[in-house]
Structures are given as structure tokens and as C-alpha cells.
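Asker: What follows is each chain in one-letter form.
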Amino acid sequence: MTFETPKNHYEIVNDLLKGKFILWNEVYFDTLTKEQDFYKAFFKESFGYELVLRKEFAYLLSKSTGEEFSKRFTVILSILCYEWNLQGRDIKDRIENGSFSVFEIQTLLDNSTYSDIFKLIKLKEEGIEKFLKELDQRNIIKLDNSKETFEFTKAVDLFFEFAKEIAESKLVSAEQ
Amino acid sequence: MNINGKSILGFLHRNYDFVHRLFSIAKQTNFFIKEETLKDVCREFGVSFDTLKEYRIVREQCNNEYNLPSVYEKFLSHLFSDFSMPLHESVDKYRVSIANYYTLLLQEKEHNKVNDLINSLVSEIEEFSEIIENRTQQLLKETRELKSNLFQIDYLEKARKASYWIENYIIPLNDILERENPHSVYQELTRISDFASRQQYEYPRFEIRNQFTTLYIHSKSIIDEVLKNSAIISKELLPLAERIKSESQILTGAIAYLEDIRQVALGLKKTEELPQIAFFENTRLNHTLYSESFGQDAKFLWERLQEDESFVLKPTENEVFDTWFFDLETKNHYKKKLIQDLPIDNFFQWCYTSLQTEFQETATQNINTEKFFAVSSLLFLDEEFEKDFQIELDTVFEPEKVEIRLTDLILEVPKIHLKTLRK
Numbered sequence: 001m002t003f004e005t006p007k008n009h010y011e012i013v014n015d016l017l018k019g020k021f022i023l024w025n026e027v028y029f030d031t032l033t034k035e036q037d038f039y040k041a042f043f044k045e046s047f048g049y050e051l052v053l054r055k056e057f058a059y060l061l062s063k064s065t066g067e068e069f070s071k072r073f074t075v076i077l078s079i080l081c082y083e084w085n086l087q088g089r090d091i092k093d094r095i096e097n098g099s100f101s102v103f104e105i106q107t108l109l110d111n112s113t114y115s116d117i118f119k120l121i122k123l124k125e126e127g128i129e130k131f132l133k134e135l136d137q138r139n140i141i142k143l144d145n146s147k148e149t150f151e152f153t154k155a156v157d158l159f160f161e162f163a164k165e166i167a168e169s170k171l172v173s174a175e176q
Numbered sequence: 177m178n179i180n181g182k183s184i185l186g187f188l189h190r191n192y193d194f195v196h197r198l199f200s201i202a203k204q205t206n207f208f209i210k211e212e213t214l215k216d217v218c219r220e221f222g223v224s225f226d227t228l229k230e231y232r233i234v235r236e237q238c239n240n241e242y243n244l245p246s247v248y249e250k251f252l253s254h255l256f257s258d259f260s261m262p263l264h265e266s267v268d269k270y271r272v273s274i275a276n277y278y279t280l281l282l283q284e285k286e287h288n289k290v291n292d293l294i295n296s297l298v299s300e301i302e303e304f305s306e307i308i309e310n311r312t313q314q315l316l317k318e319t320r321e322l323k324s325n326l327f328q329i330d331y332l333e334k335a336r337k338a339s340y341w342i343e344n345y346i347i348p349l350n351d352i353l354e355r356e357n358p359h360s361v362y363q364e365l366t367r368i369s370d371f372a373s374r375q376q377y378e379y380p381r382f383e384i385r386n387q388f389t390t391l392y393i394h395s396k397s398i399i400d401e402v403l404k405n406s407a408i409i410s411k412e413l414l415p416l417a418e419r420i421k422s423e424s425q426i427l428t429g430a431i432a433y434l435e436d437i438r439q440v441a442l443g444l445k446k447t448e449e450l451p452q453i454a455f456f457e458n459t460r461l462n463h464t465l466y467s468e469s470f471g472q473d474a475k476f477l478w479e480r481l482q483e484d485e486s487f488v489l490k491p492t493e494n495e496v497f498d499t500w501f502f503d504l505e506t507k508n509h510y511k512k513k514l515i516q517d518l519p520i521d522n523f524f525q526w527c528y529t530s531l532q533t534e535f536q537e538t539a540t541q542n543i544n545t546e547k548f549f550a551v552s553s554l555l556f557l558d559e560e561f562e563k564d565f566q567i568e569l570d571t572v573f574e575p576e577k578v579e580i581r582l583t584d585l586i587l588e589v590p591k592i593h594l595k596t597l598r599k
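From first to last, the protein sequence lines are chains A and B.
Mapping the first sequence onto my numbering, position 12 (from 1) lands on 12, and the numbers just tick up by one.
In my numbering, each number is its position in the second sequence, counted from 1, plus 176.
Do not rely on the hints blindly, as some may be mistaken.
[To be verified] Listed below are the simulated SDA-like cross-link pairs for lysine to any residue, each with C-alpha atoms no more than 25 Å apart in a straight line:
no., chain 1, residue 1, chain 2, residue 2
1, B, Lys317, A, Leu86
2, A, Lys170, B, Ser324
3, A, Lys164, A, Lys147
[Unchecked claim] DEER-style ranges, computed between Cβ atoms:
no., chain 1, residue 1, chain 2, residue 2, range
4, B, Lys445, A, Gly98, 30 to 36 Å
5, A, Glu168, B, His189, 49 to 55 Å
6, B, Thr366, A, Asp144, 52 to 58 Å
7, B, Thr279, A, Asp30, 52 to 58 Å
8, A, Gly98, B, Gly186, 55 to 61 Å
9, B, Gln328, A, Arg94, 57 to 63 Å
10, A, Gly127, B, Glu568, 45 to 51 Å
11, B, Glu302, A, Gly98, 43 to 49 Å
12, B, Asn206, A, Gly48, 54 to 60 Å
13, B, Leu450, A, Glu134, 17 to 23 Å
14, A, Ser115, B, Arg235, 56 to 62 Å
[To be verified] Computed footprint of chain B on chain A, listed as stretches where at least three residues anywhere in the stretch have a Cβ under 8 Å from a Cβ of chain B:
no., region
15, 25-37
16, 159-167
These are calculated hints, taken from the structure and not from any lab test.
Where is the CB? At the ideal position from N, CA and C, for every residue including glycine.
Okay, chain A solo, but in the shape it has when bound (with noise of 0.2 Å):
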């Protein structure tokens, strides 16, 4: 019996159980695509993860928890929006739209009503450019050359989506 796999399956593969989003633009995304199905089956039943593949990138959903990634991202995140909010911005579009300086980054959290909050996530150690490149391996942002500026990649609407969540849930008990 002779095991064949989707072209560039290794790479598919690895970058997904990474953490890493599969962007469009990027080789491996039209494998998966057309190999959906196959995609789909293959990390349910060897691993219990759900593949999610949208129009302008694939990634893996697990049920586990605890991961302190995802809590510093979402308060960075949230950090941001609610100080570029403050400068007059239009949140969504900045992100979706603009470029991104580190230092910028750093002396907006630094400076922050909530830069109580961003001392909890614990960084300082670490330093929020060894936090940039690891969005960067992921594929959430994209860090140029000289590693000083950034920007969003379509992987950033997951936050959007989430905050709308929390909102439509506060909405809702509220209204009750």
C-alpha cells in the first residue's frame, strides 16, 4: 500500500499545527482548498481539530485551552483599538488598511489607560518585538524588512469577529 498525499503536505501540514494561518496569497492555500475535503478528515481523525478554511485564509480550531498567547494578543489588540479610537480613528480601517510602526506600538501600550492591564500579560520580559515576530510566524501580521513597521493580514477580522461577540453578548444582557 503506497501513502499519497496533496502536494506540499508536509508544509501544509506543519504550518498549521504551528499555529499558523494558511494565507491566500500563499503557495499552499490552493492545495488546501482543492483538497478540502481530504484536509478536513485528515486533522479531525489524526488530531480532533477542525480545519476552517474561509475565502482569504485556513486555520486549526481546537477545543483546548490556556494558552496565554491568545490573552496577550486579544489585549494588545483591544489596547490599540481603544487609543487609536480615542485619537478620532476609524478602528476597523486603520487596521485593515494602515502600516504599523513598533515603536508607535510600544509607547501607544506603554501610555495607555489600560497599560495596567498590559503589564499583566506579562511582555516586559520578553519585549513586545519578540511578541511581533511570533504574529509574524503566524501569519497575522506581516513584519517588513527592517522589522520595525507592520501590517494586519485578513487573519486580523478573527478579532473583529470575537469582539462583536462579546458586544452582541453584552447587548443581550443588557437587554434583559
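With chain A held as given, fit chain B onto it using these hints.
Answerer: Chain B only, in chain A's frame:
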């Protein structure tokens, strides 16, 4: 008191700020005001409450309440460009009535009735046109105010308000104006305009043909109005309201999340209660993999554990630690030496002798395999020699064997002759 149009307009003119305040207060309560509130405003602006009643700017209702008659409501709304927004049905009723008048007109044969129906249709279309114009502008104004958040309402309320407007006002208004919707006013007006366009030439009576011309011109111009307002709604109003809704929801969620984190830190909430983004869950696997040397490593550890007594490796009194490394500096030293000593008759012997020279004045004279092979590695660095010294080395192996006695090994190696091939 002499009450006529001039005196009423004079009163409104003299007390413009008062009237504006009165209108704003009344608008908030659907144009019904408590007597007490009304008297307070009159006192504040020094206006006679009785005059207000005499001019019938307010009309007494039951339960000590007054209302602003609809004629004033409309006039002042127009004056202040501030229109109330009754439910969508109040707009939709015009769509229904316009359609009804048109159906009646199609069936009517009696000339006087046709004349009356055309007049009613023109007036209904006119009213509808005013209402949609006012409503679009009012929605735009209020949406912009919501965006700038003049009243400092919180984001949750902002999101709720934007959602409510979108669902109950903006989308329904867009639907009745929408060109593609077969039941829209646009479609109805197009049918009326086509019909009037034909009848202005075909109707047997001259004066009614003129009436149809008026209806045709009027309906055509209102179609343009409808399209203009429809474009404002779909291109500006709806996107703006959607953006406010979306932004406010994101901010509400973001702030709520940060507050949750704070509560967890203060011990008021459990970590498990903290919402989490689903995708970021840990997907990394912690597979236990065994290395190829696992068996040997385990055996070694097991043997050590089997020994009855613990042991510690200690240097003997006279033992000197050998800290020689073939690092970059040492390597460069030997490379230079080799170049200086060229041609070399017996390479391996040269390695040994060179090491001996280096160590003869040091405490340790231990020339072992590690050191010997490190220096011997120079034989394979042709490219480095070429790059660093622009020298190409020629290596000649001779059949003769040479014995090298190291501290931990006796080697029998070939005799290698090394010389410069090209400079």
C-alpha cells in the same frame, strides 16, 4: 388681543430661541409636553404662557399636558431642519396610497373624477417626496451626530442605536426607493410617468391632457429625487451606519474584554470565565519522540544508578585542565604557520611537531587525537587557503607510511608532501 398671521409670525420672530427650545423639548416626547415643563421654559425665556395658548402654538390636552399642533410641528421641523422620525409605516403608507390612486385613475372614465384623481396623485407624490427628502437628511444628520458622539453615549448604546436605525429606518427606506424592487415607489412612479406621458397626448379632453402633462413632469422629477435619495442611502448613510455599528461593537467587545482581565486580576472573576478567541488555542503537539541514541543513553544512566556508591569526578592534585580549543584564532595561527613552512615534506609529521612546539613550554604536553586531528583538518581547507592567501596547494601522497605516537593512540599515516601549486 388681536390674533392674526402677522402677530403670530411676529411672536415667533421675537421669541425665536424660545420657540427652538420648545420645539426641541416637545420633539423628545412626541410633541406632548407637561404643563409644568412648559411653564418652566416660559419663565426661563420670559415668555407669557397665556400668549402661547392664545396663539394656539400649544393646545391643551387632558392630564395637564399640552401638545404642539401638527401644523406647527411641520412648520417648525422645516424651519429648524429637524424632522421627527415616525415609524417606517408612516412613509410606506404613501407608497400604498400612490399605488391606489394610480389604480383608480386607470379605471376611471368620468372626466371630473379623473381630474380630481390626478390632483390627489400629484399632491400625494409631492408629500411623499418631501418626506423622503426630510427623512434621508434627518437620518444622515443623526447618524453623523452618532458618529461624532456629541452626547457621549457609551459604545454599547451606540451600537444598539445604529443597529436599530439600520433595521427599522434605513433598510426599509432604501427598499421602498430601490430601483430593482418591483414593489418600490420608484417602480410605481415609473408606471405613472409612462401612463401620464401617453395620456398627455391621447386623452380626449384638452384641460385634462394638461393635467396629465403636469402629472408626467411631476412624477419624472420625483423619480430623480427618489434616485438621488436612494443613492445617498446606499452609498453614504447605510455604510456610515454600518461602520458605526461595527466600530462600536468592536470597541464594546475590546473594552469589555480588558475589564474582564482586570476582574480576573482582582480575583472577582475566574480565568475560565474569560472569553477566548477560538483559533489561538494551543495546536502544538507535545509528541514524545525517542532519539536514536536513546538505548545507549539509558544504559549508561542505568549502570550509573546501579553503582552502590555515588561518585564524583575530581581532578588529581597534579592534574592540569587542558583547555585547548581549535578555535578561529588557533586555526588561523596554524594556517599561517603552514604557509610559512611550505613546502612541507611530511604533513602529518608537521602537524605533530607544530603541536609539540606549541605545548613544549606549557604545563600540559598532552598531544592527543583530538588536537592532532584538529590540526590535520587543514589538509582539507584548500578553498580557505586560496581565499585567505591566494595560494593553491598541491598535495602528493607517497607510498611510505609514517608512525605518529599520540598520548592516546598510535597512528600509521601516509606521508604527504605539500607544496604551492600556484600563487
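Asker: Please flag the earlier hints that this structure goes against, numbers listed from lowest up.
Answerer: 3, 9, 15
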